[in-house]
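Asks: Take a look at the letters that make up each chain.
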Amino acid sequence: IQMTQSPSTLSASVGDRVTITCRASQSISTWLAWYQLKPGKAPNLLIYKASSLESGVPSRFSGSGSGTEFTLTISSLQPDDFATYYCQQYLTYSRTFGQGTKVEIK
Amino acid sequence: EVQLVETGGGLIQPGGSLRLSCAASGFPVTNNSMTWVRQAPGKGLECISLIYSGGSTDYADSVEGRFTISRDNSKNTLFLQMNSLRAEDTALYYCARAHSTGYVMAWGQGTLVTVSS
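Going down the list, the protein sequences come from chains A and B. Residues in the first sequence are numbered from 1265 upward in steps of one, following the numbering used here. Residues in the second sequence are numbered from 39 upward in steps of one, following the numbering used here.
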């Protein structure tokens, strides 16, 4: 299963609403997770089962979608949110990731 | 607190071998699915190996036959034995704890493997 994220890079300002899209090459129901990566730090799970917020993750993060189209939304971008975000399908054992979306300061 | 600490990375010549270790704390490795995920320079994430709570294993095609995942329950440690290393194996290798359904619940900070002559 191929996972395609868009955009690859996103420039935004603090306070902006940000949406990242992830498309699967075939239906994965809601077997989708979102992660945040920062250089030199352990990656962080944000969302699982497409829309379930991981404990401890700020409520400004939300996920939606099912089948082949999914979105990660940050309702009001904070300075700590500038990072790279990856989606991952876990329907199949290959557990493929999207290519990542880098959120940069505008 | 769940913690994963990877060690064993370094510079290795093509064709060589390395063994990565991942010391886990805060949960038992034996009762959980564990995985190794790598990120090559400038590239995305790739899940390369999994060991399930029951002991069965899976590998990505890119490492099948060259890499072996295992665990030592007495040391609560996960391992990745990497043989016949290639330049394309150069990457940051993350150890991670997976939920039974498949997503990654917790990650280490990674250990860098560089394959170069």
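Treat the hints with care, as some may be off.
Using 27 Å as the maximum straight-line C-alpha spacing, the simulated DSSO-like pairs for lysine-lysine come out as follows [unchecked claim]:
{"no.": "1", "chain 1": "B", "residue 1": "K81", "chain 2": "A", "residue 2": "K1305"}
{"no.": "2", "chain 1": "A", "residue 1": "K1313", "chain 2": "B", "residue 2": "K113"}
{"no.": "3", "chain 1": "A", "residue 1": "K1366", "chain 2": "B", "residue 2": "K113"}
{"no.": "4", "chain 1": "A", "residue 1": "K1370", "chain 2": "B", "residue 2": "K81"}
{"no.": "5", "chain 1": "A", "residue 1": "K1302", "chain 2": "B", "residue 2": "K81"}
{"no.": "6", "chain 1": "B", "residue 1": "K81", "chain 2": "A", "residue 2": "K1313"}
{"no.": "7", "chain 1": "A", "residue 1": "K1366", "chain 2": "A", "residue 2": "K1305"}
With the Cβ distance kept under 8 Å, some of the chain B side facing chain A (calculated, not the full set) [unchecked claim]:
{"no.": "8", "residue": "C85"}
{"no.": "9", "residue": "D96"}
{"no.": "10", "residue": "G140"}
{"no.": "11", "residue": "Y141"}
{"no.": "12", "residue": "V142"}
{"no.": "13", "residue": "L150"}
{"no.": "14", "residue": "T152"}
Across the chosen pairs, the derived CB separations fall in these ranges [stated by the list, open to error]:
{"no.": "15", "chain 1": "A", "residue 1": "P1322", "chain 2": "B", "residue 2": "G53", "range": "44 to 50 Å"}
{"no.": "16", "chain 1": "A", "residue 1": "Q1342", "chain 2": "B", "residue 2": "N121", "range": "41 to 47 Å"}
{"no.": "17", "chain 1": "A", "residue 1": "S1328", "chain 2": "B", "residue 2": "G82", "range": "18 to 24 Å"}
The hints are simulated quantities; they were obtained by calculation from the structure and are not laboratory data. Even for Gly, the Cβ is constructed at its ideal location relative to N, Cα and C.
Asks: A separate judgement is required for each hint: does it hold in the structure or not?
Replies: Hints, one by one, checked against the model:
Proximity of B:K81 to A:K1305 is assessed by CA-CA distance (about 17 Å); at most 27 Å being required, the pair is judged to hold. The hinted pair formed by A:K1313 and B:K113 fails the criterion: a straight-line CA distance of about 32 Å is larger than 27 Å. For the hint pairing A:K1366 with B:K113, the CA-to-CA distance comes to about 37 Å; that exceeds 27 Å, so the pair is violated. Proximity of A:K1370 to B:K81 is assessed by CA-CA distance (about 23 Å); at most 27 Å being required, the pair is judged to hold.
At roughly 14 Å between alpha-carbon atoms, A:K1302 and B:K81 fall within 27 Å of each other, so this suggested pair holds. Restraint check for B:K81 and A:K1313: satisfied, since their Cα atoms lie roughly 25 Å apart, inside the 27 Å limit. Among the hinted pairs, A:K1366 with A:K1305 is consistent with the structure: their alpha-carbon atoms are about 15 Å apart, no more than 27 Å. The beta carbon of B:C85 comes within 4 Å of a beta carbon in chain A, closer than 8 Å, and the hint placing it at the interface holds.
Nearest Cβ of chain A to the Cβ of B:D96: about 5 Å, under the 8 Å cut. The hint holds. Below 8 Å, beta-carbon pairs count as interface contacts, and B:G140 has one with chain A at about 3 Å; its hint therefore holds. At a threshold of 8 Å, the smallest CB-CB gap from B:Y141 to chain A is about 4 Å, leaving the interface hint in force. For the restraint placing B:V142 at the interface with chain A, the shortest Cβ-Cβ distance is roughly 6 Å, inside the 8 Å limit, so the hint holds.
Interface restraint check: B:L150 against chain A, minimum CB-CB distance 11 Å, threshold 8 Å, status violated. Taking 8 Å as the C-beta cut-off, the interface hint given for B:T152 is violated, the closest approach to chain A being about 17 Å. In this structure the hint that A:P1322 and B:G53 lie 44 to 50 Å apart at CB holds, the actual value being about 47 Å. The hint said 41 to 47 Å for the Cβ distance between A:Q1342 and B:N121, and at roughly 44 Å that hint holds.
Under the hint 18 to 24 Å, the C-beta atoms of A:S1328 and B:G82, about 22 Å apart, fit the expected range.
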